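Visitor: Got chain Z sorted already, so can you dock chain L onto it with the hints?
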Amino acid sequence: MTQPKSDLPQGTLDLLILKVVTLGPIHGYAIAQRIQQISRDVLQVQQGSLYPALHRLENRGLLAAEWKDSETGRQAKFYRLTAKGQTELKSETESWKQLAKAVRLILESSEANG
Amino acid sequence: MSWWRRLVKRGEMERHLDAELQFHFDGLVANNLRAGMSEPEARRSARLEFGEVEQVKEECRDARGTRWIEDLWQDLRYGARLLGRAPGFTLGAVAVLALGVGVNLAEFQVFDATIFHNLDIRDEDSVLHLTRNSRSGQSLAFPHGAVEFYQTQSRSFAWLISEDSTFDVVVEGDAAVRSTLVSPNYFASLGIVPAWGRLVDAQDAQPGAEPVAALGYDYWRDHWGADPDVIGRIVRINNQPVQIVGVLPYNFPRSLLGRRSEVWFPISIRPLLMAGTPTLQQDFTRPSEALFGKLKPAVSQAAGAEELTSLTRELARQQPRYFRDDEQLEGQPVQQSIVQVVRSRPAVAVFFVMILLVLLSACANLGNMLLARGLVRRREIDIRMAIGASRARVLRQLMTENFLLALLGAAAGLGFGAAAVRLLLNAIGAPYTVRLTIGWPILIAALMLTMVSAIAFGLPSALQTVRINQPNVHLRQSLVGVQAAVSCLLLIASGILARGAISSASVPLALDYRDMLVIYPQLYGRNLTVPVVQDKLDALSARFSALPSVTGVTAAVVPPLGGRLIIDSLPGLPPVYRNAVASSYFKVMGLPVVRGRAFLPGEEGVVIVSESAARAVWPDQDPLGQQWQLARAQRTVVGIVKNSGANLLTDADSIEAYVPIEGPDLDRSALILHTPSDPAPLVRMIPGSAAAVNETVSVTLMRTSRENFLEAQRRLVMLISSIGTVATTLAAAGMFALVAFTVAQRKRELGIRMALGAGPRHILHVLLRQNAKPAVAGAVAGLVLAVILSRLVRSQIVLYKEAMDVVGVAAGLAGFALVLALATLSPALRALRIDPSRTLRDE
Numbered sequence: 001m002t003q004p005k006s007d008l009p010q011g012t013l014d015l016l017i018l019k020v021v022t023l024g025p026i027h028g029y030a031i032a033q034r035i036q037q038i039s040r041d042v043l044q045v046q047q048g049s050l051y052p053a054l055h056r057l058e059n060r061g062l063l064a065a066e067w068k069d070s071e072t073g074r075q076a077k078f079y080r081l082t083a084k085g086q087t088e089l090k091s092e093t094e095s096w097k098q099l100a101k102a103v104r105l106i107l108e109s110s111e112a113n114g
Numbered sequence: 001m002s003w004w005r006r007l008v009k010r011g012e013m014e015r016h017l018d019a020e021l022q023f024h025f026d027g028l029v030a031n032n033l034r035a036g037m038s039e040p041e042a043r044r045s046a047r048l049e050f051g052e053v054e055q056v057k058e059e060c061r062d063a064r065g066t067r068w069i070e071d072l073w074q075d076l077r078y079g080a081r082l083l084g085r086a087p088g089f090t091l092g093a094v095a096v097l098a099l100g101v102g103v104n105l106a107e108f109q110v111f112d113a114t115i116f117h118n119l120d121i122r123d124e125d126s127v128l129h130l131t132r133n134s135r136s137g138q139s140l141a142f143p144h145g146a147v148e149f150y151q152t153q154s155r156s157f158a159w160l161i162s163e164d165s166t167f168d169v170v171v172e173g174d175a176a177v178r179s180t181l182v183s184p185n186y187f188a189s190l191g192i193v194p195a196w197g198r199l200v201d202a203q204d205a206q207p208g209a210e211p212v213a214a215l216g217y218d219y220w221r222d223h224w225g226a227d228p229d230v231i232g233r234i235v236r237i238n239n240q241p242v243q244i245v246g247v248l249p250y251n252f253p254r255s256l257l258g259r260r261s262e263v264w265f266p267i268s269i270r271p272l273l274m275a276g277t278p279t280l281q282q283d284f285t286r287p288s289e290a291l292f293g294k295l296k297p298a299v300s301q302a303a304g305a306e307e308l309t310s311l312t313r314e315l316a317r318q319q320p321r322y323f324r325d326d327e328q329l330e331g332q333p334v335q336q337s338i339v340q341v342v343r344s345r346p347a348v349a350v351f352f353v354m355i356l357l358v359l360l361s362a363c364a365n366l367g368n369m370l371l372a373r374g375l376v377r378r379r380e381i382d383i384r385m386a387i388g389a390s391r392a393r394v395l396r397q398l399m400t401e402n403f404l405l406a407l408l409g410a411a412a413g414l415g416f417g418a419a420a421v422r423l424l425l426n427a428i429g430a431p432y433t434v435r436l437t438i439g440w441p442i443l444i445a446a447l448m449l450t451m452v453s454a455i456a457f458g459l460p461s462a463l464q465t466v467r468i469n470q471p472n473v474h475l476r477q478s479l480v481g482v483q484a485a486v487s488c489l490l491l492i493a494s495g496i497l498a499r500g501a502i503s504s505a506s507v508p509l510a511l512d513y514r515d516m517l518v519i520y521p522q523l524y525g526r527n528l529t530v531p532v533v534q535d536k537l538d539a540l541s542a543r544f545s546a547l548p549s550v551t552g553v554t555a556a557v558v559p560p561l562g563g564r565l566i567i568d569s570l571p572g573l574p575p576v577y578r579n580a581v582a583s584s585y586f587k588v589m590g591l592p593v594v595r596g597r598a599f600l601p602g603e604e605g606v607v608i609v610s611e612s613a614a615r616a617v618w619p620d621q622d623p624l625g626q627q628w629q630l631a632r633a634q635r636t637v638v639g640i641v642k643n644s645g646a647n648l649l650t651d652a653d654s655i656e657a658y659v660p661i662e663g664p665d666l667d668r669s670a671l672i673l674h675t676p677s678d679p680a681p682l683v684r685m686i687p688g689s690a691a692a693v694n695e696t697v698s699v700t701l702m703r704t705s706r707e708n709f710l711e712a713q714r715r716l717v718m719l720i721s722s723i724g725t726v727a728t729t730l731a732a733a734g735m736f737a738l739v740a741f742t743v744a745q746r747k748r749e750l751g752i753r754m755a756l757g758a759g760p761r762h763i764l765h766v767l768l769r770q771n772a773k774p775a776v777a778g779a780v781a782g783l784v785l786a787v788i789l790s791r792l793v794r795s796q797i798v799l800y801k802e803a804m805d806v807v808g809v810a811a812g813l814a815g816f817a818l819v820l821a822l823a824t825l826s827p828a829l830r831a832l833r834i835d836p837s838r839t840l841r842d843e
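In the order they appear, the protein sequences are chains Z and L. Residue 1 is where the first sequence starts when you use our numbering, and the numbers rise one by one after that. Residue 1 is where the second sequence starts when you use our numbering, and the numbers rise one by one after that.
Pulled out of the complex, with its shape left as it was, chain Z reads as follows (with noise of 0.2 Å):
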């Protein structure tokens, strides 16, 4: 059986969904090829996955959705960030850059260390 999850640390795709919902009303189908199109397929997140996530989003209330007429004039369901969604998405993003930073101090000290 293959791992369905994404490959990607706790909590990361969660980001990557607001960030990509912050350019307007979205569907699931249309933030799985952002995702994709955005990290230039170094990202490969099972695309099924991205669901669970969307709907426990939904139910936080950091997104909001509403079945609208899609590009193809079928019914799909747009995801939108909500104002609690956008704090949610600032103090994550702040949080996540000082997490990197400091990865990036360690890697590169024990590199000119070794």
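In short, the hints are calculated from the structure, not lab data. Please read these numbers as outputs of a predicted model, since none were measured by experiment. Misleading hints may appear alongside valid ones.
[Stated by the list, open to error] Dumping the calculated BS3-like pairs for lysine-lysine here, alpha-carbon to alpha-carbon at most 27 Å:
1) Z:Lys84 x L:Lys587
2) L:Lys9 x Z:Lys68
3) Z:Lys84 x Z:Lys101
4) L:Lys57 x Z:Lys68
5) L:Lys642 x L:Lys587
6) L:Lys9 x L:Lys57
7) Z:Lys68 x Z:Lys101
8) Z:Lys97 x Z:Lys19
9) Z:Lys19 x Z:Lys101
10) Z:Lys19 x Z:Lys90
11) Z:Lys90 x Z:Lys101
12) L:Lys57 x Z:Lys19
Guide: What follows is chain L alone, placed relative to chain Z:
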């Protein structure tokens, strides 16, 4: 969306989820087609990119946060299906719970309704406590004006009385003496006979009546030197002169509301004691009185309450400031609160412990059945765990089933309890006015208790069931042990208690109490000289002797079974119940003189002791001729009489001593009349006879209090033995189910054993061996506990004083063994009828 809406709109949520995932999937396929793949290839690739659809759906459902409720619902449906498929087990488990819960409920209610009536008053079962409830739910007391209104207007009640125990008084500078104000007809209606003097009565309600008070017995004994001459004295109460007119009997220390009172006043004294309160008739401003009434024969409780309610409407018209027209009057039998009863009768606490033990037994029973069932479901559970159900998930499922069982059991228990109550009430012959007050709190408590106990006992079994490859012998054995111990304990305890109650109720009274009338003249407190008192007593005696069918008249300061007691505490001796009696006392009362002689007329400086006193005071010597310092004098023992038994009911250690009535005690004598026919009709003639010599007396039947006591004992015995019966039934049902289950489960194995030539003895051995040991161990534990318990409560329970009741214990044990043997043998014997060839073929 709230979790609630997410839960309710589950179908819609599922459709949306499908549509959303389908949209994504179709997008992937279309994309692949555009990239030049063939249709099947495009779909295959899309599936790979998307991942396991069902898995994704599950995770999305989890993300909703309502998953546990959906699971619960699923589990409940599954559990209900399973229970329905095993009707035998379900019925058995529900029956066990219903028995445990229902009987408990019934016992509690009946106990609540009958035994809590512990007042020594006439017709206590038909006396109602009337309360005033407005729609807003408050319950109010009555102002005196209303009490008088009801008293004059009501037609349904034989009498209505009121009491006000809301304030304390200062007696001769002694602050905070608890007091009760009563309506003038209070004591007469309740049939309370004074120990000394008179109690508050109708003359105190006359306009211009002198302020009077009666003292409580303990207060009189402890603060007034047990001196009857306080009667007639004027004391300052709340700085007002009040005359003491009497002393209450020792067995009426509390008001009907349960307040212990030292001083009792007529209600009319209130304006005097409390400056600034209005005169009584117009007093509607102070709602401080509690109202009690006795219905006339053939008037129902509802009709009585209805009449008072409509009278209250009338009051609301007259006194709109103090009464509202939506008020309802309700009546409940007079009873004491649980706390009061437990404090005054420790036997009640034992009763409650026994009730809880019955429940414990039912639960151990249930635990055992669940365990056995877990064994049968082994395969099903193994399969579920093999296909990926987590242990916690299976555990949750099992507990949901237990919960379902508990719910069914509680419901059945409530139903069964309602029926059992009727049965019990009939069994103990409760009067029709006993009303069962089963409130929501009791129902909810019963429900909670069932739930908690079912969960507590279901959990170990469920845990055992999900544990793979563990022998569950220990748990089952300990459950069998617990049950055996509890049942054994209950049987023995109920045996001992019931026998104790019976034996104390049948404490032989050496006195001929049935045919006696007691007459209390009031010669004390009047400063009469001894010769005058003697003349008056002689005149009264002569009058009474002349009444038809009176065959004997004697005198005693403490008439047996009455409201007076004189107890001497002497160093190193049990309490000495002392009496001063006339020389004819022993003959008229029919109390046999065992050795020596009775008193001679006019004799002084002598004492007669009971057999128990002779043994206690002179264990190794001949008591006759001994000197004893008693009642202010050195006395010679001239005779030994049988134990009267009158005081053993309430004080099993008591011993008795009799001295002649001497000069100073003469004015305290009560006269005792003996008649070979029913003494009741004589009662009406007594006051007239006394009036002929210008005396007022009160009169009572000696048998009344004795009969009240016996009635209460009889009810207690019935209740206690019913608990023993329930415990036995539970134990039997439990063992029966267990063995029957074992037989069913091991049918194949037994078949093989029989096919290989095992005889009936061997088969029985195989079946009974595993439960015999824990059952015996439990029974022994129960026996030990029973012995400890009986020793613990022995000193507390008046009912029972013997150290260890061998007969009671033996009877309990024998009953337990017999029932258990029957319960285990009948299913085991069925196993012997197994046809090996058929059983093996069936499998």
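Visitor: It remains to establish, for every hint, whether it holds in the given structure.
Guide: Status of the hints after comparison with the structure:
{"no.": "1", "hint": "Z:Lys84 x L:Lys587", "verdict": "violated, 101 Å"}
{"no.": "2", "hint": "L:Lys9 x Z:Lys68", "verdict": "holds, 20 Å"}
{"no.": "3", "hint": "Z:Lys84 x Z:Lys101", "verdict": "holds, 26 Å"}
{"no.": "4", "hint": "L:Lys57 x Z:Lys68", "verdict": "holds, 22 Å"}
{"no.": "5", "hint": "L:Lys642 x L:Lys587", "verdict": "holds, 12 Å"}
{"no.": "6", "hint": "L:Lys9 x L:Lys57", "verdict": "holds, 16 Å"}
{"no.": "7", "hint": "Z:Lys68 x Z:Lys101", "verdict": "violated, 40 Å"}
{"no.": "8", "hint": "Z:Lys97 x Z:Lys19", "verdict": "holds, 14 Å"}
{"no.": "9", "hint": "Z:Lys19 x Z:Lys101", "verdict": "holds, 19 Å"}
{"no.": "10", "hint": "Z:Lys19 x Z:Lys90", "verdict": "holds, 9 Å"}
{"no.": "11", "hint": "Z:Lys90 x Z:Lys101", "verdict": "holds, 17 Å"}
{"no.": "12", "hint": "L:Lys57 x Z:Lys19", "verdict": "holds, 24 Å"}
Taken one by one, the earlier hints fail for this structure at numbers 1, 7, listed in ascending order.
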